[in-house]
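Protein chains in written order, with the numbering used here: chain L, 3 to 422; chain H, 116 to 286.
Think of the hints as simulated: they come from the structure by calculation, not from any bench. For glycine and all other residues, C-beta sits at the position ideal for the given N, C-alpha and C. Wrong hints could be hidden among the right ones.
[To be verified] Covered stretches of chain H, going by a simulated chain L footprint (3 or more residues, C-beta under 8 Å):
1) 137-144
2) 241-254
3) 259-267
4) 275-284
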Amino acid sequence: MDRELRTLLQDKADEVRLHGRIPEDVLRRSRRRRAVMAALAGAVTVGLALGAFVGARELLSETTSPGPLRPAAPIGESYPYIWPATLGELELTQRQVAEGHVPLWTVPEQVAGFYVRDVMGWDLADAVLEVQKGGPVVVVATNPTVSDIRTRLIMALVAGEPGPDDDIYAVSSAETDAISLEEPIPGDLVVPGSRMVVAGRLLSEEPGLTVSVTLEWSNSAAGSGAIGGGPSFRHRVPVPPDVQGAPVARIAVHRGTDDEILALTSFRLEEGGAAGASEPELVIPPRIAETREALLSAAQARDWEALRALISDKGFTFSFGGETDPIRYWKRLESEGHVPVMGDILPAVLETDPGFERGVFVWPAQATEDPARWDPADIEALAGIHAEEDVRAFQEAGLYYGWRLGIDQNGTWVFFVAGD
Amino acid sequence: MIGVQGGAAVAVGAEGGRLGELYEAHAPDAVRLAYLLTGDRHLAEDLVQEAFVRLFGRFRDLRNPDAFGAYLRTTVVNLARSHFRRRQVERAYVEREGHAPDPPEDPGGREDMWQALHRLRPRQRAAIVLRFYEDLTEAQTADILGCAVGTVKSLVSRGIDQLRGQLQRSE
Numbered sequence: 003m004d005r006e007l008r009t010l011l012q013d014k015a016d017e018v019r020l021h022g023r024i025p026e027d028v029l030r031r032s033r034r035r036r037a038v039m040a041a042l043a044g045a046v047t048v049g050l051a052l053g054a055f056v057g058a059r060e061l062l063s064e065t066t067s068p069g070p071l072r073p074a075a076p077i078g079e080s081y082p083y084i085w086p087a088t089l090g091e092l093e094l095t096q097r098q099v100a101e102g103h104v105p106l107w108t109v110p111e112q113v114a115g116f117y118v119r120d121v122m123g124w125d126l127a128d129a130v131l132e133v134q135k136g137g138p139v140v141v142v143a144t145n146p147t148v149s150d151i152r153t154r155l156i157m158a159l160v161a162g163e164p165g166p167d168d169d170i171y172a173v174s175s176a177e178t179d180a181i182s183l184e185e186p187i188p189g190d191l192v193v194p195g196s197r198m199v200v201a202g203r204l205l206s207e208e209p210g211l212t213v214s215v216t217l218e219w220s221n222s223a224a225g226s227g228a229i230g231g232g233p234s235f236r237h238r239v240p241v242p243p244d245v246q247g248a249p250v251a252r253i254a255v256h257r258g259t260d261d262e263i264l265a266l267t268s269f270r271l272e273e274g275g276a277a278g279a280s281e282p283e284l285v286i287p288p289r290i291a292e293t294r295e296a297l298l299s300a301a302q303a304r305d306w307e308a309l310r311a312l313i314s315d316k317g318f319t320f321s322f323g324g325e326t327d328p329i330r331y332w333k334r335l336e337s338e339g340h341v342p343v344m345g346d347i348l349p350a351v352l353e354t355d356p357g358f359e360r361g362v363f364v365w366p367a368q369a370t371e372d373p374a375r376w377d378p379a380d381i382e383a384l385a386g387i388h389a390e391e392d393v394r395a396f397q398e399a400g401l402y403y404g405w406r407l408g409i410d411q412n413g414t415w416v417f418f419v420a421g422d
Numbered sequence: 116m117i118g119v120q121g122g123a124a125v126a127v128g129a130e131g132g133r134l135g136e137l138y139e140a141h142a143p144d145a146v147r148l149a150y151l152l153t154g155d156r157h158l159a160e161d162l163v164q165e166a167f168v169r170l171f172g173r174f175r176d177l178r179n180p181d182a183f184g185a186y187l188r189t190t191v192v193n194l195a196r197s198h199f200r201r202r203q204v205e206r207a208y209v210e211r212e213g214h215a216p217d218p219p220e221d222p223g224g225r226e227d228m229w230q231a232l233h234r235l236r237p238r239q240r241a242a243i244v245l246r247f248y249e250d251l252t253e254a255q256t257a258d259i260l261g262c263a264v265g266t267v268k269s270l271v272s273r274g275i276d277q278l279r280g281q282l283q284r285s286e
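So here's chain H without its partners, still in its complex pose:
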């Protein structure tokens, strides 16, 4: 939640026990994935917290609680994609008020690639991150993105081509 999570207290005691254990076990990996999808650490934490809220709310419905990590991964990917859709609404205000994103801290070749990655369409970027960072198969990636395996192949292939193109233009 914007505006409060920065200083939010942590939950203690038995009430937060089970949820707390799940959070401690899965949140760090989920935040890394969200960061790769969004390029923004604070946003990544926001998305992961939202993902946990949604999954905790439905936790009893999960047929296989051991698969919590997989559910979480899918939820994070979907929330990230949803974020980029609604950002169209917020971007207008932010730009009008002059709150532009911070410039990269580490310019150079790797940073160019990082920037280029975040200029890809969210779905392309998600496919690449799931394949190259999470090491998921094309079928697993297709499951998460809700598309055909062939679409994953196309997203990754074209995404890589675009990355190459952008990097060549920046040289």
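Next comes chain L alone, as it looks inside the complex:
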């Protein structure tokens, strides 16, 4: 019996031949997932550093926010649905339905099921999908295993060329009662090479909720981390300069830093403006500049005690390894001979240009950006801190996990750390 079973399994396995290269769909979904995961990883780091996030919005308004980018006139029409994700996928699905395959696309609850499974990552066995009575076709999706928050999926019956045989349901947009958005709104314009501001309030009273933002184009994705700590949120998502078409915005509700999506609001934005729009120059407020100067002076003088005096007694992050004293830890790294923290790395980090993320000025700026969008100037800037192979490793990992330093809006030094 054992031998027969082994032979059968081997023979059956040999019948299966998989041709080929990675399907575009797999790559696209991987990019999307990675964008969210990278954003969440960043959120973990900064969350640890800050302890509690407060006042980002106020700080943004008084310093560097470029504000929403809304060119005066819309440009052209775009594919209006968020699922299937592209016109090509929709047309292919219609053809398959017309040929008698995948009939589930003609049933709103089933299409909603595909959406919550493939986009929200739910196990279908956990999903409760109900068609709302009256009016346009709306499927209310909840996942009681994670939350009672509802997501309404607004469905559209899409007619194709041959006739009613290829009519399928597509998802036009998704809305959750847990989020109230101030900006953007569906149809807002996105300028390649700029930053998109996504702001609003969490309305749910469930504790510990956070919000992440993902913009997805057919050729790229951009993410911003899950932000919690208060009902208001404001994300600034870098828009890659080489994106094509209109992106889908996903504003997702999570619990803490868990990547599981409890609910989301999603809609399509409009492509607008020319690539290469300039980004406002980052202005460093005096109190942040003073702290930077003090840190630089202490490092250049190799004055450990001066450095210690600048360390916040609450929420300072310097290691993910359970260390308790930053100065002792950095001295130990130096004594082991391979990490010149004080004399080399700290000054080098502070000599770079800063970025701004979640209420914190971060050196180097590249730590706040997706490595996939680093240009040669970014790589050159990082070469002052890290070896070339390390920079390549960040790019391959899709995440900068090298040395970075943060000073918050009060001028408090909140982190100096490497690792993920």
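Given chain L, work out where chain H should sit, using these hints.
Just chain H, lined up with the frame of chain L:
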């Protein structure tokens, strides 16, 4: 993703490079394993694609990238088991609409065994496939299934007994 992957274009260029290499290196074996677990080639491809999406999304978190194949195997097994749980939801619609599974193409003793294998509980079938096809040890199988070694022994032993019983009844 149902409805689009059949004609999906493949990714080209540097962007898909590393992921593409991993896919080409590991996907064929993973699809074979998924097929043995599910008995459905298209579903097997779906599951493996989903497994890749999940692993690619977390790839930087993998402490040992060389162990990608092992991570993938575990993910495929878990997705297959998850599939059989959620199939309870979809089965009602499919049966109502009359889309029954295709009959076996090759009736006979071997096909009986194949059919009998797929009448086992998913966890039993996974244990048997991992032990008899993947040639994993009981401990390795227990790791993947998230159970004790003793449970693996029991799953395999009872699974074989049930296979024998089903084959005897079909004779």
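Structure-based check of all given hints:
1. 137-144: It holds, with 4 qualifying residues against the three required.
2. 241-254: Satisfied; 4 residues make the cut.
3. 259-267: This one is violated; 0 residues, fewer than the three required, reach chain L with a Cβ under 8 Å.
4. 275-284: It holds, with 3 qualifying residues against the three required.
When the structure is compared with the earlier hints, a violation turns up for hint 3 alone.
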